[in-house]
Amino acid sequence: MSRPLPERQVAGCLLILPSNLLPPLVSYSAGVSACRNGGRWRQALKLLKDMVGSAVESNVVSQNAGISACERGGQWQWALSLLAGMSEVELDPDAISYGATISACAKSGQWQQALSLLSEFGAVLELDAIGWSAGISACEKGGRWQQALALLGDMRAVRLELNVISLNAGVSACEKAAQWQWALSLLSETAAARVELDATSCSAGISACEKGREWQWALWLLRGMGSARMEPNVLQRWDQRVRERQAVAAGHVASQRDVGGEGVARCN
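Heads up: the sequence shown runs through residues 0 to 267, numbered per numbering that gives the first Met the number 0.
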């Protein structure tokens, strides 16, 4: 049995077919989509440029494929450029256009850009949970835990179901800022939203409790990690780490008390 051609070769084949077999727009759009799926953002941009040079009118589908190719390739500047360029060719960006651009910014840590797009178009275009989650991830990477919580609130306001990606990003943002109370609050919300906890959410929650020296809460989360499909050796390492740090903290407090007691005795 022969192997299927790689998608980039399929794209090339589509573009060299006689024009009477496939309309030019269909050929180019299929080529850009193939480049997107194959992680070839440069080739996707070249095809979009060739469309202009060949006087082939673009459409939202081909532009969205180009933006998604840039998003997958971590090229947030190009994604923004393609989004802005859509109005120049009289195309109206849709939720997919903005969602992919927001995700491109988020993956590159450009949280200001992601938030700007979300605040301007998020509710208007009725972005799905993926677009909002990308914005929350951008806040997490930028250390903006308050903005992450605000976006989670916005998701609820537009009646979008919270998913494990958005909640994990929120918990991780709180963990980085040592906001253990908020991290626990989000973790408790997963039960109400019927979202299954995973290793990322549990680990971030435990780490947040560690930073707040809330050892009992950390151990409580550890007990709940067994239902999060955690490997036994991972659970054991976390348990050992939490208990060791709890013991170190308790020893530090005890030594401080001893020093204080000695000082009082000397004064007497």
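No lab work stands behind these hints: they were computed from the structure.
Heads up, some of the hints might be wrong.
Listed below are the simulated DSS-like cross-link pairs for lysine-lysine, each with C-alpha atoms no more than 27 Å apart in a straight line [stated by the list, open to error]:
| hint | residue 1 | residue 2 |
| --- | --- | --- |
| 1 | LYS45 | LYS140 |
| 2 | LYS210 | LYS175 |
| 3 | LYS106 | LYS175 |
| 4 | LYS210 | LYS140 |
| 5 | LYS106 | LYS140 |
| 6 | LYS140 | LYS175 |
| 7 | LYS48 | LYS106 |
Simulated DEER-style distance windows between Cβ atoms [to be verified]:
| hint | residue 1 | residue 2 | range |
| --- | --- | --- | --- |
| 8 | LEU24 | SER184 | 47 to 53 Å |
| 9 | ILE129 | ALA177 | 36 to 42 Å |
| 10 | VAL88 | VAL157 | 27 to 33 Å |
| 11 | ALA177 | ASP49 | 48 to 54 Å |
| 12 | GLN76 | SER118 | 33 to 39 Å |
| 13 | SER53 | GLU160 | 26 to 32 Å |
| 14 | GLY152 | VAL59 | 29 to 35 Å |
| 15 | VAL51 | VAL157 | 18 to 24 Å |
We put the beta carbon where it would ideally sit given N, CA and C, even for glycine.
Hints and how they fare:
no. : hint                           : result
1   : LYS45 with LYS140              : violated (31 Å)
2   : LYS210 with LYS175             : holds (9 Å)
3   : LYS106 with LYS175             : holds (17 Å)
4   : LYS210 with LYS140             : holds (18 Å)
5   : LYS106 with LYS140             : holds (9 Å)
6   : LYS140 with LYS175             : holds (9 Å)
7   : LYS48 with LYS106              : holds (25 Å)
8   : LEU24 with SER184: 47 to 53 Å  : holds (50 Å)
9   : ILE129 with ALA177: 36 to 42 Å : violated (28 Å)
10  : VAL88 with VAL157: 27 to 33 Å  : holds (30 Å)
11  : ALA177 with ASP49: 48 to 54 Å  : holds (51 Å)
12  : GLN76 with SER118: 33 to 39 Å  : violated (20 Å)
13  : SER53 with GLU160: 26 to 32 Å  : violated (43 Å)
14  : GLY152 with VAL59: 29 to 35 Å  : holds (30 Å)
15  : VAL51 with VAL157: 18 to 24 Å  : violated (36 Å)
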